[in-house]
Amino acid sequence: MKGLEELKDKIHEILPDLDLVIGWEQGYDGLHATPLFIKTPEDVDRLIIGPLCVHNLATYLPGLKDKKVGVIVKGCDSRAVIELLQEKLINKDNVVILGLTCDGVINLTKLGRKIGSLGAVDDVKVEGEKLNVVIGDQQHNIAFSEVKQDKCENCIYPNALVFDHFIGEPVDRVENVGAEHQSLSDFEGKSFDQRFAFWKHEMSRCIRCHACRNACPMCVCRDHCVAMTRNPHWLSQENNVAENWMFQMIHVMHLTGRCVECGECERACPMDIPLMLLRRQMNRGVREVFDYEAGIDAQNRPPLLTFKVEEDNISEREW
Amino acid sequence: MSQQKFLASQSIGSFLETLLREHRVLVPLCEGDSVVFRPFRKGGGLELTRMPTTSPKEATFPRVETLMSFTQKVSAPQEEDGGKERPEIELTEHLPQDSTVVFGSRPCGAKGKTIFSRVYDTEAVKDPYFIARRDNTLFISIACSAPETTCFCTSVGGGPADSTGSDILLIPVTDGFMAEAVTEAGAKLMESAFFDAGTQKAEEAQAVVERAETKLGQAQDFSNAREKLLKLFDNESFWEEMSAKCISCGTCTYLCPTCYCFNITDETAGNTGKRVRTWDNCMDYLFTLEASTHNPRSSKAKRLKNRVGHKFSYYPSLHEEHIACCGCGRCIKSCPAAVDIRQIVKSAQEYEDVNI
Ligand code: SF4
Ligand code: SF4
Ligand code: SF4
Ligand code: SF4
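Residue numbers (full-length UniProt numbering), protein chains in the order written: chain V, 1 to 319; chain Z, 1 to 356.
Keep in mind the hints are simulated off the structure, nothing from the lab.
The structure presented is a predicted model; accordingly, all values stated were derived computationally and were not measured.
Think of the CB as a built atom: it goes at the ideal place given N, C-alpha and C, for glycine as much as any other residue.
Take every hint as true, because none was put in to throw you off.
20 Å max Cα-Cα, derived EDC-like pairs, lysine to aspartate or glutamate:
1) LYS215(Z) <-> ASP137(V)
2) LYS110(V) <-> GLU31(Z)
3) LYS67(V) <-> GLU236(Z)
4) LYS2(V) <-> GLU129(V)
Here are some chain Z residues the structure puts well away from chain V; computed CB gaps all over 10 Å:
5) SER11
6) PRO128
7) GLY186
8) HIS294
9) TYR314
Go ahead and model the full structure; you've got the sequences and the hints to work with.
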């Protein structure tokens, strides 16, 4: 991500006409950025951009519908904005999009695997393709490519796809076109029993905190989620594998043709459950059946929000 | 201070195996990329260096607890009812019977239950489920030698070697731990031959604790937080600012060793069912949703105000100034938006009302 000064200038320029601009600032330690809600020119000084800026800030937009909001987006984040616009969940007249170009963001779980506990990190510096992590008197030099988020590994949309103001120079990632994430084929290579055992094990750790749901820019029901109803009683209060799994099925199903693969659900999960495997699987299905990818074209209709008498890839007559 | 004994790292597995004869033993284990408390198995691993992702709260206050189960039956036709059948309910109460040892919690995690003991074990109210578990659970805690950026135990009345809530405190030294009995039950466990009174590394242990205390730095002074937070109770814009980035999930609450709210529901299937008590989450919209559909905490700002206010203001007012937070930092570390409870309280303490 480049162009911090250009971005700051632009925010100073547009802030007088807006209620707020959402960006990132440094969090409580060298490893964490945190969302920043800019309301005054002084707030702009705290803005940062870079590989720590993991949060998809589009998540906050539906909750700020009655405000005039500026939002800073990476390529992947911009797809969520597009999807929200397509579904009329936000009003374009009230949103000013500041688009970035991105070289990937960090995955703290992967970094943790490399250096053990991240709890006492003093500082992190990005020097080109190297990440320098300082813990007390120890230094760890790690290739950034090894600790990028999965979505960054085969990203084909590094530049914001929708924007009012573009910051920096767009970059090319043509080499990734058509690449599916490796984890999907690896997982599919396993037998049904192995896959089922895998998910049973993963789901036994879920604490049903709903961070995966609330971090998702497309999960707009939030306080009125179907998983919380007592009547019909889709889910019990019990926190066990069956109920946790059912909740994930609800999430994935309700994201069919809407999930933009931003990875926020998995990043937000405090129990490090690899939720993206399920989302990638569903998105592959959507691609195969509907030739559709969510969050690319604001004029397009999500396949399950429209109706065709005869779908192109579903031969109902032969049923 | 009672006499310290040495527990060698290599004897821990065998020691825990002896405990298995009489107790359920919970230990921190790596599962996926997280560290969670799970039953110890013979020959199974342990994760004693990383801070556990979940807290050991589950040992005394489980996520899901069946209070009773019930079956509805129909009696044989009754003569006095004119040959009609009568519904009958068969109830079974499930009072906890287990005895548990938690091995490898941090001092802050063990302290957690002392916070809700003040609420669930009072003159007026006794929670038999919690009390049974608490009285049958022993905590063998490990003092912290490498505090994290999110740790602030010393600001809330604890410390890296605080023994409150523990039965035995272990201080890491070369090749093992110096063990100190905190309670009689702890002393009894330390009669085991795995604890060696001959090896003395008290000085090294002292140095480990001092280093950790230095690393934690200056404690934050929360003493006026109680009144400052109360003053801000009706200041909506303050709380909106504090909660702007919060996504109102359950991570902070469910990972917290000191959050103790619960829900009770009847979960039924056909003619049978159970009454379960499950953790509840004050950051959730449903927490205060009333049957009339009115919700006194309709926004995340109001909910976060409650979470912070309860811990740093309302609870201390009711319980001799004790803060209902043990400073473990889990809510900061695992928050998807990096919300920092220390910063919120500090902002409240530093808040200057321009209108006064
Ligand atoms: S974020 Fe993780 S732990 Fe929380 S409900 Fe989702 S899957 Fe479960
Ligand atoms: S389901 Fe996950 S990857 Fe898909 S849009 Fe929601 S947060 Fe992003
Ligand atoms: S403070 Fe963080 S963990 Fe707690 S509800 Fe808000 S977003 Fe979730
Ligand atoms: S409020 Fe946060 S820091 Fe305090 S005990 Fe709970 S999880 Fe730990």
